[in-house]
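Visitor: Each chain, written out:
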Amino acid sequence: MLLRSPRFATEPAPPFELKGSLFTLTVLHLFQLDRDAIERHLARKVKQAPSFFNNTPVVIDLEDLAEPPANNPDGMNFDGLYELLRGHGMAPVGVRNGSPELQAVARRAGLPLLPDSRSTGATRKPERSEPAPIRSRIVNHPVRSGQQVYAPDGDLIVLGTVSAGAEVIADGNIHIYGALRGRALAGVKGDVESRIFCQSLEAELISIAGRYRISEQINLDPADRGKAMQVHLADDRLIIDHLMR
Amino acid sequence: MATVIVVTSGKGGVGKTTTSASFATGLAQRGYRTVVIDFDVGLRNLDLIMGCERRVVYDFINIINGEANLNQALIRDKRVENLHILPASQTRDKEALTKEGVERVLNELRQNFEYIVCDSPAGIERGALMALYFADEALVVTNPEVSSVRDSDRILGILASRSRRAEQGEAPVKEHLVLARYAPERADRGDMLSVEDVLEILGIPLLGVIPESPTVLQSSNAGVPVVLEDGSDAGAAYGDLVDRFLGKNLPHRFITTQKKGFLKRLFGGG
Ligand SMILES: Nc1ncnc2c1ncn2[C@@H]1O[C@H](COP(=O)(O)OP(=O)(O)O)[C@@H](O)[C@H]1O
Ligand SMILES: [Mg+2]
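Chain order of the listed sequences is A and B.
Numbered according to my numbering, the first sequence spans residues 49 to 293.
Numbered according to my numbering, the second sequence spans residues 820 to 1089.
Misleading hints may appear alongside valid ones.
As the list claims (entries may be wrong) - Label pairs and their calculated CB-CB ranges:
| id | chain 1 | residue 1 | chain 2 | residue 2 | range |
| --- | --- | --- | --- | --- | --- |
| 1 | A | I186 | B | T910 | 26 to 36 Å |
| 2 | B | G850 | A | D269 | 34 to 44 Å |
| 3 | A | N267 | B | A985 | 35 to 45 Å |
| 4 | A | L268 | B | R849 | 41 to 51 Å |
| 5 | B | T910 | A | Q196 | 35 to 45 Å |
Unchecked claim - Stretch by stretch, here's where chain B covers chain A in the computed footprint (C-beta under 8 Å, at least three residues):
| id | stretch |
| --- | --- |
| 6 | 193-202 |
| 7 | 211-221 |
To be verified - Sample of chain B residues at the chain A side, in silico, Cβ under 7 Å:
| id | residue |
| --- | --- |
| 8 | E956 |
| 9 | L975 |
| 10 | G1022 |
Keep in mind that the hints were calculated from the coordinates and are not lab data.
Don't be surprised by glycine CBs; every beta carbon is placed ideally from N, CA and C.
So here's chain A without its partners, still in its complex pose (with noise of 0.2 Å):
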């Protein structure tokens, strides 16, 4: 049977469709900025493998670029570098690390900043044929007060009641299909991308990868008692949120 929503069959194909996806990048670490010094290098690289410089995109990433200038800031000019990366057969697509003060020039420019690539490294597994299996754990009571639940490597589902006095911790996310009242850890081993799911927050402790909130920080609307809520990071931040919009 195809499952489709009507809207689907009723509707126009709409104009476009955003996906995430994954790319192979060529990574240009820029040491220091003497044009003269770039140029001289770039032509050396591109005799050496010509074909490799056609429109290839790449990535300027700062981190080891020493400081511009305090007085000058803007002396590092971005404009310039695109233009002389264009002409060797380069397309800047970004940039990534470096201080705020060079990101904030080479957004001037027109370049975006990509993810700092030691941030998410943490969380980014190793690259394998397959993907490693993610094993949860499914626990079918509640869990009451004294007990402890742990699902290591993976996500822990509880389905019922969490009760003031009980502890679940995860790798992983932590679903829980009833009222979570005691303390509930996600992502334990650092995973800053673990949420918490329940359907009711009325928690002694929420913690995703070491950040936390106990019970009189956690300052729920009363309207939002009894609903189905969702924990997350964001910025380093424990964020509450409805589990739905």
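Starting from the known structure of chain A, fit chain B with the ligands onto it as the hints suggest.
Guide: Same frame as chain A, but now just chain B with the ligands:
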């Protein structure tokens, strides 16, 4: 096939012994061969509430240690047929309650009784663990206050993880909630948790609500289980509780403050 029922709570003073006495008496009144065992070694008071304290010769620990046989230790109730009491020792220490010993005594009782009611001591120590370990069903006694409910939650967790049924992977211990010492006016004022509050937290079926009543203290001082007191709210609530346990579908009484008119009281309803 005998059924072992533990009356437990975690917290002390909530009405376990009162409930054990009336529950066992009510089952026996309805014709079931019933024995009630006091697991509260060192603090025995089931025999006081049952009014048989002056007939105690041997106790539960004597049987476990092989110092007496069951026939010598079991006390036959004088008022209700089919009812026996196995008192606890007041002197010996709790370490005498071994799993093997308790199992041996229970197996022997299973031959002669249909219901074996185990009155648990408070806490989550050996005595309480032994009282619940062999249970098929549990009456979890709770008062409408946060600390009592929390302790009952804890006991429910232990029933689900450390009972024999849990350890052997058999069907779980069947749980029943007994909400004792309930005062509807105080719940309405918000001084106490309401029936709904307690049910929401514990999430197990409600077997009975026993109202707070001065008759309970009077009858236990007199050595008469309150279920035998005619005209008492608490006694009637225990009677209903026993009937529900045996499968009758009865509405819960004594949970609202609303004053009933004479006719409504006469013809029941609510
Ligand atoms: N429904 C009730 N109303 C009034 N007092 C009660 C009620 N139930 C129990 N009590 C009193 O509470 C005290 C403790 O009861 P008990 O049954 O010995 O509790 P436990 O065995 O849990 O320690 C006793 O004094 C008893 O008379
Ligand atoms: Mg007692």
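Visitor: All hints, please: hold or fail.
Guide: Outcome of the hint check:
1. I186(A) with T910(B): 26 to 36 Å: Violated, since I186(A) and T910(B) (Cβ atoms, about 49 Å apart) do not stay within the stated range.
2. G850(B) with D269(A): 34 to 44 Å: violated (56 Å)
3. N267(A) with A985(B): 35 to 45 Å: holds (38 Å)
4. L268(A) with R849(B): 41 to 51 Å: holds (49 Å)
5. T910(B) with Q196(A): 35 to 45 Å: Since the Cβ atoms of T910(B) and Q196(A) sit about 38 Å apart, the hinted range of 35 to 45 Å holds.
6. 193-202: holds (count 3)
7. 211-221: holds (count 4)
8. E956: violated (17 Å)
9. L975: holds (5 Å)
10. G1022: Where the cut-off is 7 Å and the nearest Cβ of chain A is about 6 Å from G1022(B), the hint holds.
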